[in-house]
Amino acid sequence: MQGYIERTIASLIAASERAAIAEQVAFSEGALQRVDPRVKVAGLFSLIIVVAASRRLGVIAVLFLVAAVLAAASHVRMRRLAGWVWLPVLFFTGAIALPAIFLTPGRPAAIFATEQGLRAAAFLIGRAETASTLSALLVLTTPWPWVLKALRIFRCPMIVVAILGMTYRYIFVILQTALEVFEARQSRTVGVLPPSERRRLASSAAGVLLSKSVHMSGEVHQAMRSRGFRGEIHLLEDFHARTADWCWLAGFGLVVAAAFWYGR
Amino acid sequence: MKRAFNTQMVPLLSVFAAFSFIIMMFNLPLPGGTTGHAVGVGIATIVLGPWASILGISIALIIQAVFFGDGGITAIGANCFNMAIVGSLATYAIYRGLAGRSAITSARRVVAAGVAGYVAINLAALAAAIEFGIQPLLYHDASGAPLYAPYPLRIAIPAMMIGHLTIAGLAEMVVSAGVVAYLQKSEPGLLKRTAPGAVEDRPAVGSLRHLWFALAVLLILTPLGILATGSAWGESPPSPMPRGLKALSSFWTAPMPGYAPPFLKSPAFGYLLSAMTGTGLILLLILLAGWMFRGRTRG
Chain B
125 MQGYIERTIA SLIAASERAA IAEQVAFSEG ALQRVDPRVK VAGLFSLIIV VAASRRLGVI
185 AVLFLVAAVL AAASHVRMRR LAGWVWLPVL FFTGAIALPA IFLTPGRPAA IFATEQGLRA
245 AAFLIGRAET ASTLSALLVL TTPWPWVLKA LRIFRCPMIV VAILGMTYRY IFVILQTALE
305 VFEARQSRTV GVLPPSERRR LASSAAGVLL SKSVHMSGEV HQAMRSRGFR GEIHLLEDFH
365 ARTADWCWLA GFGLVVAAAF WYGR
Chain E
945 MKRAFNTQMV PLLSVFAAFS FIIMMFNLPL PGGTTGHAVG VGIATIVLGP WASILGISIA
1005 LIIQAVFFGD GGITAIGANC FNMAIVGSLA TYAIYRGLAG RSAITSARRV VAAGVAGYVA
1065 INLAALAAAI EFGIQPLLYH DASGAPLYAP YPLRIAIPAM MIGHLTIAGL AEMVVSAGVV
1125 AYLQKSEPGL LKRTAPGAVE DRPAVGSLRH LWFALAVLLI LTPLGILATG SAWGESPPSP
1185 MPRGLKALSS FWTAPMPGYA PPFLKSPAFG YLLSAMTGTG LILLLILLAG WMFRGRTRG
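So the protein lines, in turn, are chains B and E.
The numbering of the first sequence is my numbering, which starts it at 125 and goes up by one.
The numbering of the second sequence is my numbering, which starts it at 945 and goes up by one.
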């Protein structure tokens, strides 16, 4: 059986690998990758909202198909999408939805299941799968700094955009530190740690990370000040919408309007 | 929000949000053999204060939902309300209430942090359970099938609370109490933001002074026993004395028999002198042992 330290290291590595692959896919030459990030953010967020608002299962199923087609056109492998999104969401949401099939009062369907229970479970899983696929598409086809810049079209305050960008960057710095902490401990550990020692290790690792984070923020602040940061944030908004981007925007608008109309 | 920010808050919040994100990935071993994830809201509030913690945890949750697809984009608002707002404010109120004005390095702060983390995460879970539980009442189709969360309050509340009272709450408690205990030893300065009015840590000399005083009082009170009538049970020699014991009684003669040195007439003063001599001898022995132990460690 894998030890506690090995499992923690594996999960930390998996997170950084996933981010690296997402970045790689985001820079490839797929259909959605060519679209202006502002159009993509607006279009995909609108689709997610329509999925959440829809009261018809058929509409949710069609939007799921649209998301899958967009993924295929954007060089996002179906196997990767299944491993990262579809199966985890199915297991997690499925575990929540399964009892609802039997517990929701309504007309009997099969065995102890009710029609209303089956519909409730289908709504829950369908919504979660479709919305997760659409949000995964945004991240897999757009580099994170562009997603953040595009958030400005929603009048997201610049300071929030800047903090989100810095947070994303420092996640990987702290992730690397956490990895080093656990690897250092792993190289000095023989045998299996008792539970109390594992708890102590997790707490002290969190403490070390916290302490390092606070010191790092001080250093980053000094670095920012020395480069002229006085509290004002300026973003280089250099997106230029082309004719193709306006076509995509019209396409997104059409699908959103149709889904909204039929899903009422 | 702009007013609340100064230039230092931008990197501090960013780095702290990144820290909270990583903490959410830690798989914590819990009593009973299971594991759980903490949110980190307890320790974030204790170190940053409630308002900065609300922002930091919210940013971590937004990145988790948008970039890592964990939590759902349309649920960001609810997640931020439950974990960041309810969690941070509850932690702050409970931690400040329980820790009081205790010293930064006191064990009371560790307990307060653990309890605050545990209760805060359970209150956040309760808020989420109520949000789930009212959805079937508000949103259902014509056939009565729930459109969103399918369980009523009587199912949603126990389902959420059982998991949080037993596993997730413990995870938050372990992280909050464990990190506070760690910081007390390594960087107590980080705990000062949410500990205004905390009493200064007393130096070791101060606590020893109290001990010396208590020892002196006890020494002065030693003759109290002779005011009582009768004798202490089991202290007097048995009568008649067994022959073997009688033969051994002359083997060693104490220099101050019966706590009454022969050259003193006052029994009370004899008791006092005996107590002082005994205490002095014990201290001498401890000093000698300490000196020998130090010498061996150095060697």
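In case anyone wonders, no lab produced these hints; they're calculated from the structure.
A couple of the hints might just be wrong.
Here chain B is said to cover these stretches of chain E; the calculated rule only asks that three of the stretch's residues, wherever they fall, bring their Cβ under 8 Å from a Cβ of chain B [what the hints assert, rightly or not]: (1) 1005-1014; (2) 1080-1088; (3) 1093-1103; (4) 1113-1123; (5) 1157-1171; (6) 1211-1223.
Glycine included, each C-beta is placed from N, C-alpha and C at the ideal position.
Here's how the hints hold up against the structure:
1. 1005-1014: Held - the stretch 1005-1014 of chain E has 7 residues with a Cβ nearer than 8 Å to chain B, which meets the minimum of three.
2. 1080-1088: Coverage by chain B holds for the stretch 1080-1088 of chain E (3 residues, Cβ < 8 Å).
3. 1093-1103: Since 4 is at least three, the answer is holds.
4. 1113-1123: holds (count 5)
5. 1157-1171: That given contact is violated, which follows from only 0 residues of the stretch 1157-1171 of chain E lying within Cβ reach (below 8 Å) of chain B.
6. 1211-1223: Three-residue rule not met by the stretch 1211-1223 of chain E, so violated; n is 0.
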